[in-house]
Structures are given as C-alpha cells and as structure tokens.
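Order-wise, the sequence lines are chains A and B. Residues in the first sequence are numbered consecutively from 1, following the UniProt record's numbering. Residues in the second sequence are numbered consecutively from 1, following the UniProt record's numbering.
Keep in mind that a hint or two might mislead.
Given that identical chains are not distinguished, each listed pair holds provided it fits within a single copy or across any two copies.
Within a straight-line C-alpha distance of at most 20 Å, the following computed EDC-like cross-link-like pairs (lysine to aspartate or glutamate) qualify [unchecked claim]:
#, residue 1, residue 2
1, Lys598, Asp338
2, Lys598, Glu560
3, Lys178, Asp320
4, Lys466, Asp69
5, Lys178, Asp338
6, Lys23, Glu37
7, Lys497, Glu585
8, Lys486, Glu592
9, Lys178, Glu334
10, Lys598, Asp382
11, Lys426, Glu64
12, Lys458, Asp470
13, Lys26, Glu600
14, Lys335, Glu557
15, Lys12, Asp606
16, Lys319, Glu600
17, Lys331, Asp516
For the record, the hints were derived by calculation from the structure and aren't laboratory data.
Number of protein chains: 2
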Amino acid sequence: MLTYKAPLRDIKFLINDVFNFQKHYKDLDNGENADPETVDMILQSIADFAENVLMPIYQSGDAEGCHFDNGVVTTPKGFKEAYQQFVEGGWQGISYPEQYGGMNLPMSLNLIKSEIIGTANWPWSMYPGLSTGCINTLMQYGNDEQKETYLHKLVAGSWAGTMCLTEPQCGTDLGQVKSKAIPQEDGSYKLSGTKIFISSGEHDLTENIIHIVLARLPDAPEGTRGISLFIVPKFLPNAESEIGERNGVSCGSIEHKMGISSSATCVLNFDEAVGHLIGEPNKGLKAMFTFMNTARIGTGIEGLAHTELSFQNALPYAKDRRSMRTLSGVKDPEKVADAIINHADVRRMLLTQKAFAEGGRSMIYHAARYADKMSQAVVNGDEAEFEKWDDKLGFYTPIIKGFLTELGIESAKHGQQIYGGHGYIKEWGMELIARDARIATMYEGTTGIQALDLLGRKVLLQSKGKIIRDYTSNIMRWCGEYALDKDMRKFVWALTKLCAEWNTLTVRLMLIARKDREIISAASDDFLMYSGYVMMGYHWARMAAVAHEKIKNGGTESEEFYTAKIQTAEFYFDKILTRTSGHAESMVAPSESMTAMKIESFAFLD
Amino acid sequence: MLTYKAPLRDIKFLINDVFNFQKHYKDLDNGENADPETVDMILQSIADFAENVLMPIYQSGDAEGCHFDNGVVTTPKGFKEAYQQFVEGGWQGISYPEQYGGMNLPMSLNLIKSEIIGTANWPWSMYPGLSTGCINTLMQYGNDEQKETYLHKLVAGSWAGTMCLTEPQCGTDLGQVKSKAIPQEDGSYKLSGTKIFISSGEHDLTENIIHIVLARLPDAPEGTRGISLFIVPKFLPNAESEIGERNGVSCGSIEHKMGISSSATCVLNFDEAVGHLIGEPNKGLKAMFTFMNTARIGTGIEGLAHTELSFQNALPYAKDRRSMRTLSGVKDPEKVADAIINHADVRRMLLTQKAFAEGGRSMIYHAARYADKMSQAVVNGDEAEFEKWDDKLGFYTPIIKGFLTELGIESAKHGQQIYGGHGYIKEWGMELIARDARIATMYEGTTGIQALDLLGRKVLLQSKGKIIRDYTSNIMRWCGEYALDKDMRKFVWALTKLCAEWNTLTVRLMLIARKDREIISAASDDFLMYSGYVMMGYHWARMAAVAHEKIKNGGTESEEFYTAKIQTAEFYFDKILTRTSGHAESMVAPSESMTAMKIESFAFLD
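Please put together the full structure from these sequences, using the hints given.
Here it is as structure tokens:
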C-alpha cells in the first residue's frame, strides 16, 4: 500500500535555487557532462525506475525475504529483474570514468540517485550500494591490473561487490580482526576466517561478487596497525575478466533481522580463498578510513530516505482519516468528523517529518559537492587534493550519518503514530519503514561512534575547536547579510545566539576534558545532536532566504511552494530547534553522573 | 536468548521504603489480607511463574505467531499450558472479591502482578489483561444476574473477556460507532457490525470468551451520546453458567503486525449476536471513560515492562562485549579490549533505561494506591467514593500512559543500540522488545490523545490549572523539608525551579488559549512530556531521599543498593531532566507555525 513519488521539485529547488550546482559543476573536470538538460533527464529516468520498478517490490520483498539454501542465496521475487533493468540503464556507473564504461557524471548525481532509489526500496538499493563501496576502494587503492580486471564489470553492474570488515568478536574495534592472509609464491594470498554482517555477501543478482576483505598478514603488528586490504572474488576471473574457478569463500548463513529482510546479510567463511593485496601491507585501516567518509554519507542518506517515505505515506492518510473536530472550529461540516491533518498535533508530526526530510536533503546535497571534488581527485590520482576535500567533508560526515539516521528513526515513528493502530499493521507498510530505518544508527558505525568521531577526533583532538569556530563564522557572516531583513530576523537572531553558544560549549568541553577525559564520551551524543540541530537550522534559514527572495522578485508560478518552505523553516525554529537547550545543558553535566556507578551496582537481581 | 528476573529488590524498595504500602493497606477493607508475608509470597510465586513459564515462550511465541484457520485462532506452542498454570494458581482473581472466587487482595498487587508477567511476556499477558477489562466493567456496571452468570468463570480465568470498541472507520472518535443493537421481545438484543483490533478476540485458551461491545440502539442519538454497552458471549451460557449454543460472533481474520504477534488481534463480525445491555441505554461511553483510567495505567505498565526487559538484557551484553579502550584509561588490561560498559556513552544508555524503569515503576506504584481505593468503592457500590479517587487518578493516567510508553520505545531503542548490529538480529531478542514496545503509544488512546486529555481536559477545562498548582504545591512542600539537607540540595533546587516554571507555563497556555484554541493541541505533546519528566524527577528525588536516610541510619546491608539509587537520581537530574527546557520553549511557540500551512502545500509531488 506504500507509494512513492521522487520529490523532484524539492530536489531541483536545492540544486538550482539554493546551491547552484551548475556553477559548482563548472569547476569540475566532468562538470560539462552535467548540463541542465542531462541532469533533468537523469533525475526523471531514475525517478521513473524507482517509482515504477523498485517501489512495487518493496513490501513484497520484505514479506518474502531472502532465501538461503546450502550456501545459495535467492533474493525475493522481482529483485533480479529490477537489477537487470538497473544494469541495462547503466545506472551503476553514472559517476565513474568512461574508461571503465561509466557515464563520467559528477559524484553528487550518484548520491541523488542513491537517495531516490533508496527511498523507493532501501534494502534493494543496498546491492548496488555495496558495489559502490567496492568500486571506490579499487578506484583509489587498486593497481592498474586490479582496476582493469574488476572495474569494467563492477561499473557495468554485471558483477557486484562487498566490504568485509566485521567479525563475530568485533565491529567498530577493527584492531581485533583475526582473519589471516598467508602469502603465496605467486604473489597472491590465501585468506581464512569468518566475516559476519556482510551485506550483499551472497545473492543471485550477478554472476560474480567481489569481496574487499580486511585481514592480517602473518607478521602483522597487533591491533589496527596490522590490518591489510585484500580483493577476494567469488569466482576467480581470467585475463579476459571472465569468470573461472569458484574461490574458497562461501556463505554459511543469512541473518534473520528486524528489517531490511530482502537485503541478504551474510556470514561469509573464507577457507584458503585466493586474494590479492590492495595497496600497501598493514595500511588497510587507513584505506578504510579515507573510504569511510563517503560510505557514511551513504548511510546518512538512509535517514533521509526513510523520513521522506514515511512522510509521503503519512500525508495522504492524514488527509483521508477523519476523527473528532478541530479545536478552532469545524473544518469539514458536511463530514462526520474533520480530517486529522487539521489537528495541530498531527500537523506537528507531519511538519517534523517534512522539516527533517527537506532539511536533511539540504545537508546531504551541500556535502555532495565535496564528494564531487574527492571523486575528481581520485580519478586524477591527486592525493593531496583528495585529503583536502576529505578533511572538509570529515566535519559533515558524523553529523550527516549520526544525526540524520536518528531523525530517520524518529520520523518513521511519527509516520506510524499518525496512522494510530493502523501504523502497527503490516499491510499499511508504515511499520516496515520503521523496522528498516532502525538499522541505520547501528551499521557503518553506531551513533555513539559518530558522536565520538565528531567531538573527540574532529572537534577536540584534530582542531582544538577551530572546526566549530570556522563553521560558525560562516553562519555568522551569512547572518550578517540578513541582519536587517525583517523577514529573516527571527532566523538570524536565533542562529547567532546558537553560534555563540556552540563555541562556548566547545571551549567548556575542551577545558573540562583536560582533567576529565571521560567527558568526551559522556558529552558526545548531546554534542552530536546539538550540532545536527544547529546545522539543520542554518540550512532551513538559507532555504527560507532563497524562498523569500523568489517571492519578492515575483513572477514565480510557485509562490505556494516557496511559502511552504518559509513556513516549514518557521516551524523548525519554533518547535524543533528548541531541543538544543536540553542538549546544551546536558553535555556539560559532570561525567561523574555516568562514571560513578560501580559495574556490579547497575542491577540487584539476585 | 532473552532472560528475565523479577526485580523484587526494587519492587520492595518502593512498596516498603518509599510508599509504605502496609500503612496504606490498613485503610483498606481488604488490606489485612495483604500482610507482609502474603505479599512476599505472592510476589515470589508470580516471579517464579513469569521467569520460568512465561519468559521461555516469549521469543518462540513471536516467531510462531498466532494461527488463523477458518475462524479458529490457535495461540503459539506453550501458551495454552502456561495459561492453564495461571488459572490453577488463581492469578486472574487475586484482587477480586471472594464472593466470585477471588483472593480479595488489594488491586495494587494485581498491578504489580501485571508488571511482572507483562515484563516476561507482554503479548501473553494481554489475554488475562483483556479479561481484567471485562471483569472490571461487569463489577461496576453489570446487574446481579450478569455478575452471577459471568464473574465466577471470568475471575477463575476459565473464561476470558474482551473489550470491543474500535471499528474500521473509528478508534478514538467513538461517536462514529456504527454497530447496531436491536431490542428483542425477551429483553435481549441482537448485535450486528464489525469490530477491528480486538485483542484476544478469539483464541484457544479458554472455553468461552465474553465480549463487552459498544453499539447503538435504533433510537439512539447521534455521536457519543448514543452509545450503549452490551455483553455478548461467544457461547451463550445456561443458568448454571455452563456453555451452550454458539453465538453469532465470529473471527473474520487476525492482523499481521509489527510485534505482539503472539497476541491475537482480531476482526470480529457480529451477525445478529445475542447480547444484553450493561448499565443504562446510551450511557456506554461514560462507562468506558470511568473504566479507562485503570485500563490506561495498565498500558502505562507496558512502557515500564519493555524498559525493564530491555535494560536487563542490555546490561549483561555491555559487561561481556569488548571494544576499544576507555577514554580515562585501560580498564581490563589483560583483555584485548575493555568491556563496553566502561564507555560513558554506553553507561548513558544503560542509566537512561535504569532511570526510566525505576522512576516509571515509582510513578505507577504511587498511582496503584488510588486503584486500591477505586476498586474498594466498586465493591462497596459507592459511586461518590469511586468518582473521588477516579478524579485523583485522572491526573496521573495520561502521564503514566502517554509518557511511560514513549519512554518504553526510547528504552527499547537504547537496548538495541548497546548491542550494535546484534541489536537488529532476531536471535538476540532486543529487536523483539523494540517491536513489541512500539504498539504501546498507539493503542488505548495514542500519545496525542493522552496529551489532549491532560492539557485540554484535565488541566485547562476541568481545573483551570488548579491541578498543576495542587500537584506542584505538594512537591514544593516536600522540597521545603529537604531545603537544608546538603545531600538533597541539588534535587530540591532543580525541582523548585521546575515547579515555578510548570505553573507559569500552564498560566501562559491558559491565557493564549483564550484567543487561540489551537494552542491546546499544538502545545499538548510538549506539555505531556514536560509533565512526565518533572513528575519522574520528583519520584527520583523522593527515592534519593529515602536512600540517603537508609545510609545515614546505618546498619543496612544494602548500602550499595541505596548508593545506586542516589547515583541514578543524580544521572536523571543531570542528563534527563534537562530535556524539560526544550519542551518548555516549544510549548509556548505560536500555534501558527503548525496551523498556517495550507493542506495542499505539505507536499508538491506532481
């Protein structure tokens, strides 16, 4: 019963009116490929595919789930056919070089593609999504032979890829990885070990699956400094990149999960599987880290996707369902009761979803421009340029991943709530969105890990607060431009106050942390959420400014569209941004209130 | 893999140290039955039953679900046997009069029983839970013949009961009920219509099921003033209360739900089913309302149950799972990494669960004393006395139901999050708790309905703010007693400030509402959550005071237990109570930020 329409009007508002992607594309090597007509065509085509091919198999795919039989994984009905269409459309390769068969469009378009297909069917989108991780790793760290052997098929989508990091004893703490890689005389390696939670680890969509695997060389140092990266194909390719012998990697089982059940989450057993080293020995973790920023933006998109889908499906129900009369007076006198969209509390939930979807999209599209630069640097083999943009993106990554996925869970909850008891019934689909959204704060680094990355690593350790000073000074400069604009006053003053507070809090935490290292962990979640709300506030203020300008300039046929942007911004500042207060107070609370309790005092059950 | 131990130490801390139930029982007609030894024995027996019989069939019951075949519903393996043991223990009747075969213990013990069995297996507990609703309705509104015919079997548990309110077109807005009751010459009625979402509507646990049904008489006024209450048994009983002919009520299907899948949620079709009027014609809604306070406390218990269960199962994992080193220094040097319970951010989640569980339990046990008084009034047929205590309970009901079920969802989320990716895997069970917890904010009146009941009905309409003035004056008096106690200073000052703010906010809302009725709906959710956090803060302060006193008096063997109470209170005040700030700011925001947007401007998708 779920439906989806790609919100192209909102997407174009951002890429044209707010961020002027055409101007940004002029500075990219491959920017001229992305002329306005091409962009429009790409967006429309991917929207058609998502709406008509992926959406109809979203709920049925969940109900059926993946099948596992003696190492073979079969995806739900329709998944293979949809994937075939995806390959035929060339969609896997839109942002990869023509040299490998790609369309050589900017990476930002690939992210927008991910958003659209992910909103229509997140678990399906994970199959090409994991391939992207594999392709990006090979693009950046593979040697010429590896690129030549694998990238053509991966970029075409006829082969798929995975990222094999997690093991039973460790996820985040990759220093505990035990999988072994034994060097062979021919320069290859034999890999043995067990990997778990491998998304798309085995399936029937492609003739081959290329695993990127973290493992240890025999003489590797302990911990994270002894991890290397390997490429391990399911079928060993010959010189013509045609599949040959089956490799020693097999799927031991698939997980039974709360959601994303049509995405195969595999236990992979490597038993003397033939692999090849990617990049330098023992530098695998560094490679993973440079790859992580974009992978985490990809997961941040999941937060947006589930917010948007839940909103789109809560809205028609709120217009149709009738219950009670509106407090300010009867709205639909000819009907037995008013549509529930008239009740302010229902509007609160809908507007929260709307504000999170459109605000989150703005945050992601802003960051997507850094991804364009990084992708260009990878193609050009310009490491310094890559690091420069990766560094810039590094501030946004934990916020987009950590904050937006938390909002995805909240939004999906609102969507269910608007349906009342029907929100709990499978047929309606709102509960599926909630179940699927739930994974996003756990994989690709939990919210706690994002929070520690933001506050501990990026704000305090790496920049001693400068990153916040720089970001807030941008906001303040922008506020300065609008300080005398009475339409914008409300936003400008609220943001200015928050910029001052954000800096003060950062300094306070820095000072406390000198004596009390635990404050960094104790405050991290509040700091992450606080940062997210302020950043989204800035994005809403910018969208409101653009909308006001459009209306003032007149001649627009879309005045209602722009008015809705301004109203949503006002809602966000009145009802959502207020959440910063609690986080601000809580983050500077003494860490002792968390650390004091003895481990054995948490419960007295015997 | 889930486990449960009834937290008897925490339960006894409340009923003995904090609330002195023995003193309270002295004022009850049936209080002398509840001497300390009996209470201990009851608690221990119900704990044994919950831990050893109900817990082991919780996860398996979810995996199997209920079966539906041509109108017959079969519960999962083990459910019937467990129910038989429940009946043999006499547990259904512990708080009902001996006249009907009950144990005649105070109703508060029945609520604690509900908590313990509900924590072990919430969906199972819904079968006896719905019977309770049916019994309470008959106790209060049934005539002597109806009581004699039905109560013996219902109190014994050999028959079960339901409450049939919701129809496809309406849940909350019962004025839209369409089911018809046609009077017959013999004084009975024939009921026709469709009821949906009927928990325990059909199952194999008992030989008969007694439905309490809302329907309209032919000449009934429109809307809520035309609803009457009927008793409609599945099998018509003869004069000896033995089952006879099958009645015209049948189960059309059961719902496929996000969770509580072992609890049958039925579509019931009434086709000229024989029923009898309960109470007066057209007064059915009033009867439902007086019954609702206790039913909603029962749902509030679900919030506590899922919080406790998630906490109990997150705790051992946090002690076992090892990842990274603690920021303040290595904790387990001999191990590959520190247990994650050492990380402050993990402690934040565990302590949030602990604070919500123990704080929520305190709120419910406080309210349980009103339930004792109401139950006594029903037995004595003293309507005025009933109304007096029902009125008092009425302030707590929407907070306990609305606020604690929201916390149940949050807590279950933390429990999953502590497990990382494993929190998403069915085997571990943490995701089941999250799925089951999700229903609690939707049924028995959504959170939005509780919020409107609190702010609109009870605070503004019925009492013009007096209810808040009264409640806060109690807190302030209590604070006055501790104002000079340096151990308590932190709690006392924070609460005093909040009491002032709570009153100010109430007055501000009252003034705004004179011109702008929509503010009541717009502010209601914030007001509910704000009220909940402050109320729970008061409970934590009281528990801290008792704990301090116990430690000061010395001679206790449980100093660590009491210290943990104080530490949890400090955590609550430092990290949770700060959430009130955002709600306070948001609730007085202009309702226009919610009402201004035109319905057609919420989305521009075409």
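Exercise. List in ascending order the numbers of the hints, as given earlier, that are violated by the structure.
Key: Those not satisfied are hints 4, 10, 13 and 14.
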